[in-house]
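Protein chains in written order, with the numbering used here: chain A, 1 to 144; chain B, 1 to 637; chain C, 1 to 287.
Read the hints as simulated data drawn from the structure, not as lab findings.
Glycine residues also receive a C-beta, built at the ideal position from the N, C-alpha and C atoms.
There's no promise every hint is true.
When the alpha-carbon atoms are kept at most 30 Å apart in a straight line, the in silico DSS-like pairs for lysine-lysine are as follows [said to hold, decoys possible]:
#1 Lys567/B to Lys586/B
#2 Lys567/B to Lys60/A
#3 Lys138/A to Lys493/B
Covered stretches of chain C, going by a simulated chain B footprint (3 or more residues, C-beta under 8 Å) [stated by the list, open to error]:
#4 48 to 58
#5 63 to 73
#6 83 to 96
#7 102 to 110
#8 242 to 254
#9 277 to 283
Here's a subset of chain B near chain A, in silico, CB distances under 10 Å, partners left out [unchecked claim]:
#10 Ser5
#11 Gly40
#12 Gln153
#13 Lys570
#14 Ser573
#15 Met576
#16 Cys577
#17 Ile579
#18 Lys595
#19 Tyr598
#20 Gly635
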Amino acid sequence: MSFASKSPWLIHYDGSSCNGCDIEVLACLTPVYDVERFGVINTGNPKHADIFLITGGINKQNEEVVKQIYDQMPSPKVVVAVGACACNGGIFKECYNIMGGVDKVLPVDIYVSGCAARPEAIIDGVVKAVALLDEKSKSISQGR
Amino acid sequence: MYFVSFLLLFPVLTAVLLFFAKGYLAKKIIVITSSVVISGMALIFATMNFFTLSNRFYIKDAEFVNILFLIIEFVIMCYLIYLGIRFKKYYVSLLSLVQSGILFWLELSGQAKTEHSFNIYIDKFAIIMCSIIAVIGCLICVYAVGYMKSYHQHHKEYKDRTTLFFPLLFLFISAMFGIVFSDNLIWLFFFWEITTFCSFLLIGYTKTKEAVTNSFRALWMNLIGGLCFAVAIAYCALKLHTLSLHTIVHMGAGAQAVTIPVFLLCIACLTKSAQLPFSKWLLGAMVAPTPTSALLHSATMVKAGAYLLIRLSPLLAHTVAGALVTTIGGFTFLATSLLAISQSDGKKVLAYSTIANLGLIIACAGIGMYEAVWAAMLLILFHAVSKSLMFLSVGAVENSIGSRNIEDMHGLIVKVPALAFVMLIGIAGMFLAPFGMLISKWAALKAFIDSNSILLIIFLVYGSAATLFYWTKWLSKLVAGVHHSERKDNQAKGCEWFSLLAHSGIMIFLCLSFPTISRHLIEPFLSEIFGYKISSIIGDGNIQIMTFMLCMIFILPFGIRVLTLDKTSKQKSSYMCGINTGDDRKFVDSLGEKKKMYLSNWYMEDLFGEKKILLPSIIIATVIIVVLLVIGIGGAL
Amino acid sequence: MIKIVSTVLYLVFAPVFGGLLAGVDRKITARMQGRKGPPILQPFYDIFKLFSKEAIVVDHLQNLFVIGYLVFIIFTGCLFFYGGDLLLAFFAITLAEIFLIMCASSANSAYSSMGSQRELLQMMAYEPMILIVAIGFYIATGSFSVGEIITSQTSAIATTPGIFLGYLYILTIKFRKSPFDLSTSHHAHQEMVKGLTVELSGRTLGITELAHWYENTFLIGIIAIFIINATWWSWIVALAVCALAYFMEILIDNTYARVKWKVLLNSSWIVAFGLGILNLLALYYIK
C-alpha cells in the first residue's frame, strides 16, 4: 500500500505571477478550505516536498531556479501548474522576458486553469496530483 | 629510590646534552631516546606500585642538596633582578628579591632546620601524577621535535632558539617530577620556582614585544604566588616547626595552627593554576609555540597548583580557606566557560577551557570530600590527555592550513581528514557523554550536591551549558562537508603524527580502563588521606552502560556500511532557494553575479565578549579573595 | 523482570505513542484554529511515505549522524524506562542532540547551519534546567535512579514544584513548540525553511521524526516521574498531569508568537534560576 497519497507535502513556487493565484493557494490553507484535512502540508522546502505547485509563468531569471528546485525534490514527485499563466503564460505570454508556461522547462503533470484559479480548483488539482503520486510510487516500487 | 633519583636527574642530564647538541638530527635523536626512557621508567615505576600500597619516604637530611638548591635559587634570583631592571619591570625584581630573601634568611639562619627528616615522599597520587607528567610531557617533547622545525620554516621572522627551547622542556619535566615527589616544603618551593622560571623563558620564546609583555605578566603573577608560598614556609618553620607537607596535612582539618599557611598556599596554587583573578598570564601564554602551550596547559605547570591543593584538601573541608578555593574555582569555571563562547581563536578557546577545567578541579579539591577529590583526580588525568591532544592538533592544523582560527577549520573533515578525526576524539574527550571528562564532571556534580553547596551547583549547571555550546560549535565546524574542497597536505608527519596518535590511543584506553585505575590507584590514596575505606563513586552498572555507549559510537560507522545507507542515498546540492550555483558554496545574487556563501558560528560578542565579562570577573574574584582572606586570617589571628 | 518488560514496551510502543501524540497534537491545533485538521493517524502516513521516498543527502556523513541521533535517543529512553540513572539519561540525550547538530552542519548548507547554531543555543538555554531537574530528584528522593524515584513514599513534586514548572518551561523548547521553535518547527511552520532539517529528506527525515517520537515519550515520562510514588493511584494522577501538561504546550504553541533568540536564552536561564535554583535552596532548607 502506498502512503504517498495520504501525505502529499507541497512546495509552492511563485513564478512571474500577479500574486492572484498565490493568494488563492494560501486561501486553501485557511480554515474555510483547510487542505491539511488531506494531510497536505505547505513545506517550503523542495527536499521535503512531493508536489511542486507553481503559479505564474516562467521567465528567463527563474528558469534555473525552477529547474533546481525540481531537481532537489526526491522522487516520486508531481508538478502542478496553477492558473492561466502557469499553464501557458497567460496574459504575460507575449512579454519580452516570458518563456511561457511551466511546461516549457518542467514536465507538468496537472494543469489547473483559472485567472485566478479558485481554491476549489486548486484542491481538485492537488487531489488529482495525489492520485498520480500514488501511481508513480507504485511504478517505482515495481521497478525496484 | 633509584627510580625517583633517575626521574629527577635524567631529564636534567638530557637538558644539558640538548644544550650542547649540534644540529637538528642530534637533537631529534636525544629528545626521542630520552622521552622513551623517561616515560618507560615512569610507567615501570607506576606498574611496580600499581597493586601494592607502599608509601615511602626517601632522602634524609640532604645538606648538600639544600646548598645546591640555594645556589641555583640565588642565580635565578640575580637573573630575574637583572631582567627586571633591564626591561624596567622593577616590581618583578622586588618580588623575586623578597621571596628568595625570605628563603635565604630561613636557610642561613638555621631556622629551616626543623624536626623533619625526609625530603621525598612517594604515594599513589605521586605515582599517578608522575605517569601523567612523564607520558604526556614526553609525547609533547616528541611532537615538538617535528613541530619546531616546521614552525621555523613558517615563521622566518623569529630567530631559531631551539638550543634553549628543548633543554627548557626537559628541565620543566624534571621540575614537575620534583614537585610531585617532594615532601619538604623548601624542596617543593624550589621546584615550584623552577617551573615559574622555565615557563617565563618559554613564553618569551619569540622575543616579540607581545611575547615579552606576556612572559613578564606570567612571571609577576607567579611570583606573587611564590611570595605567598615563601611566607607560608617561613610561618611553618617558625610556628609549626615542621616543613613536611605530609605532617602538616596530618594535623587535620580545622587545626587553628595551619590556617594561615594553608591560606597562603591556596593563593599560591590559585596563581599557578591561573584562576581568576590571575588568569591573564595563561591567556597570554599562547603567544609561545604550540608545544609550550600544550605543556603549560595539560600535564604540567597549571596542574602543579591543582596537585598541591589536592594534597591539602583534607585541611580544606569546611574551612574558610576551603570556601575561598571552591568559590574561586567554581566562579572561574563559570566565567571562563562563558568567555570561551566569544572566542574564535582555537588556542584561546583552549586556554579558557583549561582555566575553566582547572577551576572545576580546584573547586572539587576545596570541598575536601572524598567524592570530590576523586572527581578532581580523574579530571586531572583526563584533562591532561585531551587538552594536550587538542593543543597539539590545533598546532598541526595551523601548520597544515595556515590558521588556527576555528572559522578557518570549516570543513576540515574534507580538507585534512586525519587531523579532523584526531580533533574529534579530543573534543569528544573534553565534554561528551561516554568519554572521560564527563565521568569526572558527573562525580563532581554529585559531590557538589552532597556537600550542600548551592553556589557550586549554580556555577556548574550554567558553566556546563556554556561548555556544551562552545565545544559543539567547534565540532560542527569540523564536520561540515564542503564538497570538492582542495585536499590539504597533513603537515603532521613522523614525530608529530606519532604523538597525536599516541594521545588518541591513550585517550580511548583511559576511557576504557579508568575503573581499574580508580580502584588501584585513586581509591587507596583517598582511603589513606581521609582515613577510612571508601566505596566506589559511580556504580558498576553505570560504568558498564558508559562502556556500552563508547562501543556503540565506534560501531556506528561500520553499522552504516552494513546497512548500505550511503550506497542507497543520492547526493544532491544543498538548498539555497534554487539559486545554488551548483557547487554548494556560491549563489546567484540579485544582479546575476555569483556570490560566495560564508557560514559563521555564533560568538555572541555582545553577551559573552571579553570586553563585557573579563574585567568584571577579575574584579569579583579579587573581591571574593580579599573578603575571604580577611575573614579567614582575621579568625585565625 | 519488570524493568526489561518496560524497556521492551518502550522500544515497541514509544513510536506508536509518539505518533499518536503528534496526531492528536495536530488535531487539537487545527481545532484551536477553527479547522477540521488531519486524521489522527496522519503522522504515521507521513512517516511511511517518507521511508518509501527516494533518499537524498547533501553529504554522506549525514547518514552516519542521523543514525547516531536515533540510536542514542532510543538508548536514552531505554535507560529511562529500565529505571536507570536519570543523570546518565540526560547525558545520553545531550550526545544524541549533538549528533543531530552535527548532521545539520555536515550538510554545509546555509539554512541547516543556521538551524544547527540555533539548536545549539536552545541546548545552552535548557541545559541548566535539565541538570537542575536531575539534581532536584536526587535531593528530593535521595537517588538519581528512576526505579527508586518512582517507588519513593512521597511524590517528588511535593517538594519540587518550582523545578516542575521550570521543566515545563523548557519542555516547550524540547517539543519544538512556539514561541521557542527557533531551530526547526512542526507542521506548517516555515521558520528558516525548516532550519535544522532542511537538508534531510525521505528516509533521513523519517528517522529524525521517529527519533523525535521516541524523545517525546521520554520527555513525557519525566513529567510522570514527578508525580509517581509508591501508591497505585499516583500513576493515574501522573497520566492526567501529563495529558494536561501536553495540552498546555499545545495551547501555548497556538497563542504565542516566536521570540528572538536572546529572549529565549535570557528567559530560560532566568527561569532556571528563579524556579530551579530557588527550589533547590528551599529543598536544602527543609532537609
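Going through the hints against the structure:
{"no.": "1", "hint": "Lys567/B to Lys586/B", "result": "holds, 27 Å"}
{"no.": "2", "hint": "Lys567/B to Lys60/A", "result": "violated, 36 Å"}
{"no.": "3", "hint": "Lys138/A to Lys493/B", "result": "violated, 55 Å"}
{"no.": "4", "hint": "48 to 58", "result": "holds (count 5)"}
{"no.": "5", "hint": "63 to 73", "result": "holds (count 7)"}
{"no.": "6", "hint": "83 to 96", "result": "holds (count 8)"}
{"no.": "7", "hint": "102 to 110", "result": "holds (count 8)"}
{"no.": "8", "hint": "242 to 254", "result": "violated (count 0)"}
{"no.": "9", "hint": "277 to 283", "result": "holds (count 3)"}
{"no.": "10", "hint": "Ser5", "result": "violated, 68 Å"}
{"no.": "11", "hint": "Gly40", "result": "violated, 56 Å"}
{"no.": "12", "hint": "Gln153", "result": "violated, 45 Å"}
{"no.": "13", "hint": "Lys570", "result": "holds, 8 Å"}
{"no.": "14", "hint": "Ser573", "result": "holds, 7 Å"}
{"no.": "15", "hint": "Met576", "result": "holds, 9 Å"}
{"no.": "16", "hint": "Cys577", "result": "holds, 7 Å"}
{"no.": "17", "hint": "Ile579", "result": "holds, 6 Å"}
{"no.": "18", "hint": "Lys595", "result": "violated, 15 Å"}
{"no.": "19", "hint": "Tyr598", "result": "violated, 21 Å"}
{"no.": "20", "hint": "Gly635", "result": "violated, 66 Å"}
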